[in-house]
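Produce the complete structure using the sequences and hints provided.
Protein chains: 2
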Amino acid sequence: MDDNFKIGIIGGKGKMGEFFTRFFQKKGYEVLISDKNTKLDNRSLLKETKVIILSVPMSVFPQVVEEIANLTTEKHWVLDVCSLKLEPYKVMRSLLKKPEVLATHPLFGPYEPSLKGKTIAYFPIRGKNLLKWFSQVMCEEGLKLVKIPPKKHDQIMGLVQVLNHFWLILLGNLIKQSGFTLEEIVSLATPSFLKQLEILQRLAYQDEKLYGKIQLDNPYGKRFRNLFYKQCQKLIKVLNSDQAQTLFETNFKEVKALAKELENLLKPLSLN
Amino acid sequence: MDDNFKIGIIGGKGKMGEFFTRFFQKKGYEVLISDKNTKLDNRSLLKETKVIILSVPMSVFPQVVEEIANLTTEKHWVLDVCSLKLEPYKVMRSLLKKPEVLATHPLFGPYEPSLKGKTIAYFPIRGKNLLKWFSQVMCEEGLKLVKIPPKKHDQIMGLVQVLNHFWLILLGNLIKQSGFTLEEIVSLATPSFLKQLEILQRLAYQDEKLYGKIQLDNPYGKRFRNLFYKQCQKLIKVLNSDQAQTLFETNFKEVKALAKELENLLKPLSLN
Numbered sequence: 001m002d003d004n005f006k007i008g009i010i011g012g013k014g015k016m017g018e019f020f021t022r023f024f025q026k027k028g029y030e031v032l033i034s035d036k037n038t039k040l041d042n043r044s045l046l047k048e049t050k051v052i053i054l055s056v057p058m059s060v061f062p063q064v065v066e067e068i069a070n071l072t073t074e075k076h077w078v079l080d081v082c083s084l085k086l087e088p089y090k091v092m093r094s095l096l097k098k099p100e101v102l103a104t105h106p107l108f109g110p111y112e113p114s115l116k117g118k119t120i121a122y123f124p125i126r127g128k129n130l131l132k133w134f135s136q137v138m139c140e141e142g143l144k145l146v147k148i149p150p151k152k153h154d155q156i157m158g159l160v161q162v163l164n165h166f167w168l169i170l171l172g173n174l175i176k177q178s179g180f181t182l183e184e185i186v187s188l189a190t191p192s193f194l195k196q197l198e199i200l201q202r203l204a205y206q207d208e209k210l211y212g213k214i215q216l217d218n219p220y221g222k223r224f225r226n227l228f229y230k231q232c233q234k235l236i237k238v239l240n241s242d243q244a245q246t247l248f249e250t251n252f253k254e255v256k257a258l259a260k261e262l263e264n265l266l267k268p269l270s271l272n
Numbered sequence: 001m002d003d004n005f006k007i008g009i010i011g012g013k014g015k016m017g018e019f020f021t022r023f024f025q026k027k028g029y030e031v032l033i034s035d036k037n038t039k040l041d042n043r044s045l046l047k048e049t050k051v052i053i054l055s056v057p058m059s060v061f062p063q064v065v066e067e068i069a070n071l072t073t074e075k076h077w078v079l080d081v082c083s084l085k086l087e088p089y090k091v092m093r094s095l096l097k098k099p100e101v102l103a104t105h106p107l108f109g110p111y112e113p114s115l116k117g118k119t120i121a122y123f124p125i126r127g128k129n130l131l132k133w134f135s136q137v138m139c140e141e142g143l144k145l146v147k148i149p150p151k152k153h154d155q156i157m158g159l160v161q162v163l164n165h166f167w168l169i170l171l172g173n174l175i176k177q178s179g180f181t182l183e184e185i186v187s188l189a190t191p192s193f194l195k196q197l198e199i200l201q202r203l204a205y206q207d208e209k210l211y212g213k214i215q216l217d218n219p220y221g222k223r224f225r226n227l228f229y230k231q232c233q234k235l236i237k238v239l240n241s242d243q244a245q246t247l248f249e250t251n252f253k254e255v256k257a258l259a260k261e262l263e264n265l266l267k268p269l270s271l272n
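Chains as they are written, first to last, in my numbering: chain A, 1 to 272; chain B, 1 to 272.
Be aware that a few hints might be false.
No copy labels: a pair is met if it fits in one copy or bridges any two.
In silico BS3-like cross-links for lysine-lysine, where the CA-CA straight-line distance does not exceed 27 Å [stated by the list, open to error]:
{"id": "1", "residue 1": "Lys209", "residue 2": "Lys195"}
{"id": "2", "residue 1": "Lys26", "residue 2": "Lys36"}
{"id": "3", "residue 1": "Lys253", "residue 2": "Lys213"}
{"id": "4", "residue 1": "Lys213", "residue 2": "Lys237"}
{"id": "5", "residue 1": "Lys90", "residue 2": "Lys260"}
{"id": "6", "residue 1": "Lys128", "residue 2": "Lys47"}
{"id": "7", "residue 1": "Lys144", "residue 2": "Lys13"}
{"id": "8", "residue 1": "Lys50", "residue 2": "Lys234"}
{"id": "9", "residue 1": "Lys222", "residue 2": "Lys176"}
{"id": "10", "residue 1": "Lys15", "residue 2": "Lys267"}
{"id": "11", "residue 1": "Lys132", "residue 2": "Lys151"}
{"id": "12", "residue 1": "Lys116", "residue 2": "Lys260"}
{"id": "13", "residue 1": "Lys144", "residue 2": "Lys128"}
{"id": "14", "residue 1": "Lys213", "residue 2": "Lys234"}
{"id": "15", "residue 1": "Lys260", "residue 2": "Lys152"}
{"id": "16", "residue 1": "Lys209", "residue 2": "Lys253"}
{"id": "17", "residue 1": "Lys128", "residue 2": "Lys195"}
{"id": "18", "residue 1": "Lys147", "residue 2": "Lys116"}
{"id": "19", "residue 1": "Lys222", "residue 2": "Lys6"}
{"id": "20", "residue 1": "Lys209", "residue 2": "Lys260"}
{"id": "21", "residue 1": "Lys260", "residue 2": "Lys195"}
{"id": "22", "residue 1": "Lys13", "residue 2": "Lys116"}
{"id": "23", "residue 1": "Lys260", "residue 2": "Lys13"}
Everything labelled a hint here was simulated from the structure, so no lab data went into it.
Rendered as structure tokens:
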């Protein structure tokens with residue numbers, strides 16, 4: 001590997017920054033980081049590295065891109081890993097005129113024990129070599145890359161992240177209010193609810209600040225929460241009506257049809 | 001095995017009835033069934049069998065128990081498999097004065113490819129031999145038996161079944177309304193949301209009539225739906241407030257603490 005092919009992670013002390021440091025070191029790359037209170041500042045980092053990974057909170061993202069904009073050259077490859085894509089895409093496209101640039105969103109947290117089959121959403125901004133290299137590295141580790149326009153990405157995350165987390169918080173609140181002990185609930189969980197509890201259990205490893213940002217910063221989050229709330233209201237009305245059983249069955253059959261479609265897309269169902 | 005130790009399943013043509021027929025036949029038992037349009041009626045079934053499994057819908061349950069009440073003797077062992085337990089418990093306790101009687105609820109559907117680790121909730125009503133035999137048979141197949149008072153059982157099912165199914169229907173409705181294709185959603189699913197889709201996928205194998213009954217018959221279902229709705233309203237208000245991030249973080253930390261407690265009860269977390 002080219003001696004000058006070093007990787008620089010801005011925000012290297014954050015959780016995803018640390019993850020990518022370990023990730024690339026394991027693959028044999030030399031990784032330098034900058035963050036608050038690191039020896040290197042961003043300017044020095046850019047002098048010494050070819051690939052720049054922007055792993056900073058959304059709140060400081062535009063400011064960091066502005067800071068590095070005039071320090072990046074044609075030789076640099078810059079990619080971000082923000083949970084949203086439209087704003088970072090716009091900022092990078094308008095400010096980073098020289099380097100190759102790639103917008104990415106790793107659809108997993110820093111604590112996954114295996115990366116095999118995990119997904120990174122991406123959208124190219126400038127150049128082909130960065131994408132080619134990035135794809136190859138991720139492919140070697142069994143990761144899938146999915147190309148998606150930034151706005152569409154953010155909309156889908158309104159469902160996949162915002163609404164899913166919203167439900168998990170509600171479920172957690174409800175379990176706490178139920179008056180049942182966790183032992184009672186776990187001991188009487190159906191296979192379906194057990195999987196639900198396993199999803200909830202994952203939150204033990206997540207960061208409240210990041211989850212707050214994901215919940216609040218997505219411009220489509222509010223729409224999904226409101227839509228969900230209205231659906232909730234509507235279904236409750238249906239279930240309180242005279243024709244509850246019939247109407248429920250009709251709705252259930254629609255969802256069952258969706259569940260059958262899912263069979264073609266997900267791995268063959270192990271009902272366990 | 002005693003030649004007269006035959007198993008009779010009332011409602012043997014239903015899905016759970018068929019499941020238990022296969023289950024006990026595999027274990028070497030002779031199984032007879034009665035149902036609408038079977039050769040045997042309940043009276044003849046009771047004459048020829050020792051263990052009677054009541055696998056009929058809740059709506060006809062009291063009527064069936066009334067019918068067989070005077071036909072059961074001290075030699076009979078009777079157990080039900082209803083999704084709710086308080087009403088069947090009351091009916092069986094008051095009408096079945098001679099046989100041994102056991103109330104059970106298998107916490108899984110008829111299509112699970114493996115029964116290992118699955119749970120059957122139970123509460124004894126009369127006699128010890130039926131329970132002893134039933135425990136042993138189920139234990140041999142790797143099933144767990146969990147004793148739970150009937151009312152408490154029904155309350156917990158208000159969360160484990162009613163609310164969980166309620167959420168899945170809402171999720172299905174929302175996916176349909178999102179305007180995204182399933183391909184788009186699956187390709188951008190996080191590990192957490194992928195598990196959520198796997199739970200949804202299970203509905204492909206479920207029966208709308210039974211799910212309607214489970215949703216509507218549980219006397220605590222309405223309470224959980226309403227509680228959920230109010231929590232939903234409350235969390236939306238929090239997320240629209242000036243202090244959204246701080247308040248969300250506080251709530252998230254509470255749920256995170258719950259998630260950590262779950263770690264001690266569930267199998268060690270594989271984050272995949």
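Checked hints:
Taking the shortest alpha-carbon separations for lysine 209 and lysine 195, both the intra-copy value of 25 Å and the inter-copy value of 23 Å come in at or below 27 Å. Only within a single protomer do lysine 26 and lysine 36 lie at most 27 Å apart by alpha-carbon distance; the minimum there is 24 Å, versus 66 Å between protomers. When the C-alpha separation of lysine 253 and lysine 213 is checked against a cutoff of 27 Å, the pair qualifies only between copies, where the shortest distance is 14 Å, while the shortest distance within a copy is 36 Å. Taking identical chains as interchangeable, the C-alpha atoms of lysine 213 and lysine 237 lie at most 27 Å apart only when they sit on different chains, with a minimum of 16 Å there against 33 Å within one chain.
With identical chains, the CA atoms of lysine 90 and lysine 260 are never at most 27 Å apart, being 38 Å at best within one copy and 39 Å at best between copies. Proximity of lysine 128 to lysine 47 under the C-alpha cut-off of 27 Å is restricted to the intra-copy arrangement: shortest distance 22 Å within a copy versus 80 Å between copies. Taking identical chains as interchangeable, the C-alpha atoms of lysine 144 and lysine 13 lie at most 27 Å apart only when both belong to the same chain, with a minimum of 26 Å there against 46 Å between chains. For the identical chains of this complex, lysine 50 and lysine 234 are neighbours neither inside a copy (54 Å) nor across copies (48 Å), given an alpha-carbon limit of 27 Å.
Taking CA atoms no more than 27 Å apart as the test, lysine 222 paired with lysine 176 passes in both settings, with 25 Å inside one copy and 18 Å between copies. Taking CA atoms no more than 27 Å apart as the test, lysine 15 paired with lysine 267 passes between copies only; the shortest distance there is 25 Å, against 30 Å inside one copy. Taking CA atoms no more than 27 Å apart as the test, lysine 132 paired with lysine 151 passes inside one copy only; the shortest distance there is 23 Å, against 61 Å between copies. Taking the closest pair of Cα atoms, lysine 116 and lysine 260 come within 27 Å of each other both inside a single copy (25 Å) and across two copies (25 Å).
For the identical chains of this complex, lysine 144 and lysine 128 are intra-copy neighbours only, at 18 Å inside a copy versus 56 Å across copies, given an alpha-carbon limit of 27 Å. Taking the shortest alpha-carbon separations for lysine 213 and lysine 234, only the inter-copy value of 19 Å comes in at or below 27 Å, while the best intra-copy value is 29 Å. In this homomeric assembly, lysine 260 and lysine 152 come within 27 Å of each other (Cα to Cα) only inside a single copy, at 25 Å, whereas the closest approach across copies is 34 Å. For the identical chains of this complex, lysine 209 and lysine 253 are inter-copy neighbours only, at 10 Å across copies versus 39 Å inside a copy, given an alpha-carbon limit of 27 Å.
Neither within a single protomer nor between protomers do lysine 128 and lysine 195 lie at most 27 Å apart by alpha-carbon distance, with minima of 41 Å and 34 Å respectively. Proximity of lysine 147 to lysine 116 under the C-alpha cut-off of 27 Å is restricted to the intra-copy arrangement: shortest distance 18 Å within a copy versus 40 Å between copies. Taking CA atoms no more than 27 Å apart as the test, lysine 222 paired with lysine 6 passes in neither setting, with 41 Å inside one copy and 60 Å between copies. Taking CA atoms no more than 27 Å apart as the test, lysine 209 paired with lysine 260 passes between copies only; the shortest distance there is 17 Å, against 37 Å inside one copy.
For the identical chains of this complex, lysine 260 and lysine 195 are neighbours both inside a copy (19 Å) and across copies (16 Å), given an alpha-carbon limit of 27 Å. When the C-alpha separation of lysine 13 and lysine 116 is checked against a cutoff of 27 Å, the pair qualifies only within one copy, where the shortest distance is 24 Å, while the shortest distance between copies is 44 Å. In this homomeric assembly, lysine 260 and lysine 13 come within 27 Å of each other (Cα to Cα) only across copies, at 24 Å, whereas the closest approach inside a single copy is 44 Å.
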